[in-house]
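K.L.:
Take a look at the letters that make up each chain.
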Amino acid sequence: MTTQQTALEHLRVIRSLLEKSQVYRAISAPAALCGGVLALIASAITFLTAGAMGARGFLTEWVGILAVTSAVNMFMLHREARSRSQPFFSENSRLALALRAFTPPMLVGGLLGVFLIWFRGELALAALLWILCYGLALLATEHFSPRSLVRLGRAFLVVGGFFAVIYFTQPDLAAGGKGAAVASIFLGTTFGLLHVAYAVAVFVRTPAPQIAET
Amino acid sequence: MIDFDQLDKVIHEKARLSIMTLLAGHDDWSFQDLKSELGMSDGNLITHLRILAGAGFVEEERDDSGSRPRTTYKLTKPGRKAFKEYIDVLEAIVRAAKP
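Residue numbers (the numbering used here), protein chains in the order written: chain A, 39 to 252; chain B, 689 to 787.
Some hints here could point you the wrong way.
Stated by the list, open to error - Label-pair distances were calculated between CB atoms; the ranges are:
| # | chain 1 | residue 1 | chain 2 | residue 2 | range |
| --- | --- | --- | --- | --- | --- |
| 1 | A | Arg189 | B | Ala784 | 44 to 50 Å |
| 2 | B | Ala780 | A | Pro142 | 50 to 56 Å |
| 3 | A | Leu149 | B | Glu773 | 54 to 60 Å |
| 4 | B | Ser724 | A | Asp210 | 50 to 56 Å |
| 5 | B | Lys723 | A | Arg158 | 46 to 52 Å |
| 6 | A | Ile83 | B | Thr759 | 42 to 48 Å |
| 7 | B | Asp776 | A | Phe206 | 58 to 64 Å |
| 8 | B | Ser724 | A | Phe157 | 40 to 46 Å |
| 9 | A | Gly95 | B | Lys702 | 57 to 63 Å |
| 10 | A | Glu47 | B | Glu773 | 15 to 21 Å |
| 11 | B | Thr759 | A | His116 | 28 to 34 Å |
| 12 | A | Ser54 | B | Asp730 | 20 to 26 Å |
Calculated directly from the structure, the hints in this document are not laboratory data. C-beta atoms are modelled at their ideal positions from N, C-alpha and C, and glycine is treated no differently.
Work out the full structure, taking the sequences as your base and the hints as a guide.
P.N.:
The structure is reproduced here in structure tokens:
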């Protein structure tokens, strides 16, 4: 192999690894952006209509956002696995690891939140539960997630904790039919703004060196 | 005449080049992620990371705030510059071969 052929081969290896690392790390950003924008829109609608859709309408709205965002995330993960010629799901895949860590807090928080809304009409309390349990779920993936995702989990816990203090120290806050408006502020700030901020931070990270086509 | 003598000898090794490339693509890689992505053993990976850290190309960051300590690695500024120069030399070699 000549010097030039060796150099060419090295450049191909570098380009392939760079592509892998970028796809691998950026994968959650499009889903976060999609979920964040949908959450902001839903929060604005709920706030402006003063929760006219009712507790069950509110629940349907947010379950819908979860479904759409999860579908986008699954699509991105599938695309990533295909580009790396790896199986989408296997026993020891990153997706399996993530699901094992993510599911318990999401299941507990998700179900309790649904019960609070469906049976008690406690929208703001359910929103707090979702925010805090989602933060815990993100932190549960810290051993195999990029640090940016762990920071997002911490941000959910900090902001969620702050909202919890406000909610419990201000008894009149969510009283008198204001539950939907308060819940929309809680959810819009966290699932909306924090997700959009996370996506933007990932998109504007330090760019990798560019390698010319050879 | 451009040749391999102009390439940085620390980077010009398959495993270290792969590590540098992943870190250049996105910083903040955990040890486990690097190991899993490159299919290297713990001993092999730590040896190459130490060589790169010794050259000042890679820095280690330890986070003890969680339930378990987490060690991540990223390129330093000199490391990013050296990697860019390495690629530039490779590209110059390829360009020189073109008629």
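K.L.:
With reference to the structure, classify each hint as holding or not holding.
P.N.:
Going down the list of hints, with the structure as the test:
1. A/Arg189 <-> B/Ala784: 44 to 50 Å: 45 Å, holds
2. B/Ala780 <-> A/Pro142: 50 to 56 Å: 54 Å, holds
3. A/Leu149 <-> B/Glu773: 54 to 60 Å: The hint (54 to 60 Å, Cβ to Cβ) holds, given that A/Leu149 and B/Glu773 are roughly 55 Å apart.
4. B/Ser724 <-> A/Asp210: 50 to 56 Å: 52 Å Cβ-Cβ, so the 50 to 56 Å window holds.
5. B/Lys723 <-> A/Arg158: 46 to 52 Å: Given about 48 Å between the Cβ atoms, the range holds.
6. A/Ile83 <-> B/Thr759: 42 to 48 Å: 44 Å, holds
7. B/Asp776 <-> A/Phe206: 58 to 64 Å: 59 Å, holds
8. B/Ser724 <-> A/Phe157: 40 to 46 Å: 44 Å Cβ-Cβ, so the 40 to 46 Å window holds.
9. A/Gly95 <-> B/Lys702: 57 to 63 Å: Since A/Gly95 and B/Lys702 have Cβ atoms about 59 Å apart, the given range 57 to 63 Å holds.
10. A/Glu47 <-> B/Glu773: 15 to 21 Å: Once the Cβ atoms are compared, 19 Å apart, the range 15 to 21 Å for B/Glu773 and A/Glu47 holds.
11. B/Thr759 <-> A/His116: 28 to 34 Å: 30 Å, holds
12. A/Ser54 <-> B/Asp730: 20 to 26 Å: For A/Ser54 and B/Asp730 the Cβ distance comes to about 24 Å; the hint holds.
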